[in-house]
Structure formats: C-alpha cells, structure tokens
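A.B. asks: Work out the full structure: start from the sequences and follow the hints.
Protein chains in written order, with the working numbering: chain A, 10 to 119; chain B, 223 to 337.
If you anchor each label on the Cβ, the simulated ranges turn out as follows:
1) G238/B - K78/A: 46 to 52 angstroms
2) P283/B - Q18/A: 27 to 33 angstroms
3) P283/B - R50/A: 25 to 31 angstroms
4) R285/B - S67/A: 35 to 41 angstroms
5) T73/A - G250/B: 28 to 34 angstroms
6) Q239/B - H66/A: 45 to 51 angstroms
7) R69/A - G238/B: 45 to 51 angstroms
8) R285/B - R50/A: 24 to 30 angstroms
9) G323/B - D16/A: 22 to 28 angstroms
10) G25/A - P283/B: 45 to 51 angstroms
11) A90/A - S229/B: 26 to 32 angstroms
Selected chain A positions facing chain B (in silico; Cβ < 10 angstroms):
12) N39
13) Y44
14) Y105
The following residues of chain A were derived to be distant from chain B, with all beta-carbon distances above 12 angstroms:
15) I22
16) H66
17) A119
Keep in mind the hints are simulated off the structure, nothing from the lab.
Glycine included, each C-beta is placed from N, C-alpha and C at the ideal position.
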Amino acid sequence: SQQGEEDPQALSIQEGENATMNCSYKTSINNLQWYRQNSGRGLVHLILIRSNEREKHSGRLRVTLDTSKKSSSLLITASRAADTASYFCATDANDYKLSFGAGTTVTVRA
Amino acid sequence: DAGVTQSPTHLIKTRGQQVTLRCSPKSGHDTVSWYQQALGQGPQFIFQYYEEEERQRGNFPDRFSGHQFPNYSSELNVNALLLGDSALYLCASSALAGMSGNTIYFGEGSWLTVV
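C.D. replies: Structure representation (structure tokens):
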C-alpha cells in the first residue's frame, strides 16, 4: 500500500506559470522528500523537509509541510519546458524506507 | 563524484528465468535499498541492506532476494520470473546507516521486461 497520495494526478500549464501539487499521507513521519522523474528515468531528489519544519525553498521550488493535516505541497514557480516530468512525494516514518504516492504528472506547454 | 549507478539499463527475460541487477551506491554511502516501480505507479520498497544484512523488507515474495558486498555495492536477484515482475527497478543509497533524515539518492534504474 502507498502512504502518500499526490493531487492532482495530472497538471498542464503554460510556460511561465506556477505549478502546485499536493501530497497527503496517513501516518506520523520524520521527514518528507520530493522527487522528480523524467519519463522512464530515475528519481532526482528535489527537497527534504523535516517534520519540525514548515517551509523550505530551493531555487524555484517551495515546499510546505503541515503535520497537523498530514499534507505537503510543492510549488514550482515560473515553470519551464524542462520541468515537464512526474513529481513524487515520499514519506519517511523512521522505518528504513520511503513510501511513495502515485505521483503528479506535470506538462509545461511552450 | 559518481552518483548511484545501476546495471544493466534494460533487459528482457523469459517467464521462469532468473535475473540479477546490480547497484553501486553513491560515494560515502553505506546503505542500499531497492524499489520496484510498475508503469504509472510510484516506487514500492523491496528491501534495504546495511552491513551486508537485509535490515528491512517490503511486501515482496521470497523470489526477490539480495546481497550487499563489503564495498557496499548490492545485487537484486529475482527467481522464477513472472510477467508481473516487468517494471523499473530502482536502487537507492544513503549514508549513516540510512538514518532517518538523510537524503536518499536514486539511480537511473534497470528496466526489466518479462515475456
């Protein structure tokens, strides 16, 4: 079973627009990590946010975490064609593994 | 600094055969985990190796086995292949015995097709 669930399943935006995707999870976590996956390729690590943190930034990426609601969001600002990919949230519940959702597929139109 | 490397990148096997996939962790990392990602799904945890021992296992049958070598590299073996084993197999590595809170890095994966 998968711990995290991303919403929406798919997102299509115009280049230059912002993209927001959400992740909900079920159990208590130590941290949450966001990954990007280009078609058929491996996972690229984007951001790790710990359970005692509420917001983190990395370049054009902004991640928030609300442990009371068991949810996280990933915002990509000023999107580019190269941001076209699937995005996954993965939760770490201190049990030696990451639990992934099914991902959000983002398409950035030129 | 090389990241996580996996081989082979693609392979095709016949039902009933056996397959071995290989992984070298990122430099400085001592913990290796394996994940299976079916098409259109998120990765599913298979197992984790630390100090050459399987430390944690996901909901996968005994047909899936692994090994970690003294240099921290790892192998994933799958016996008696089924069509449903067709997937992208991802290796992930982390440092400090895989302690929670450490960034986990993934390789490019090995695409396995069972026919």
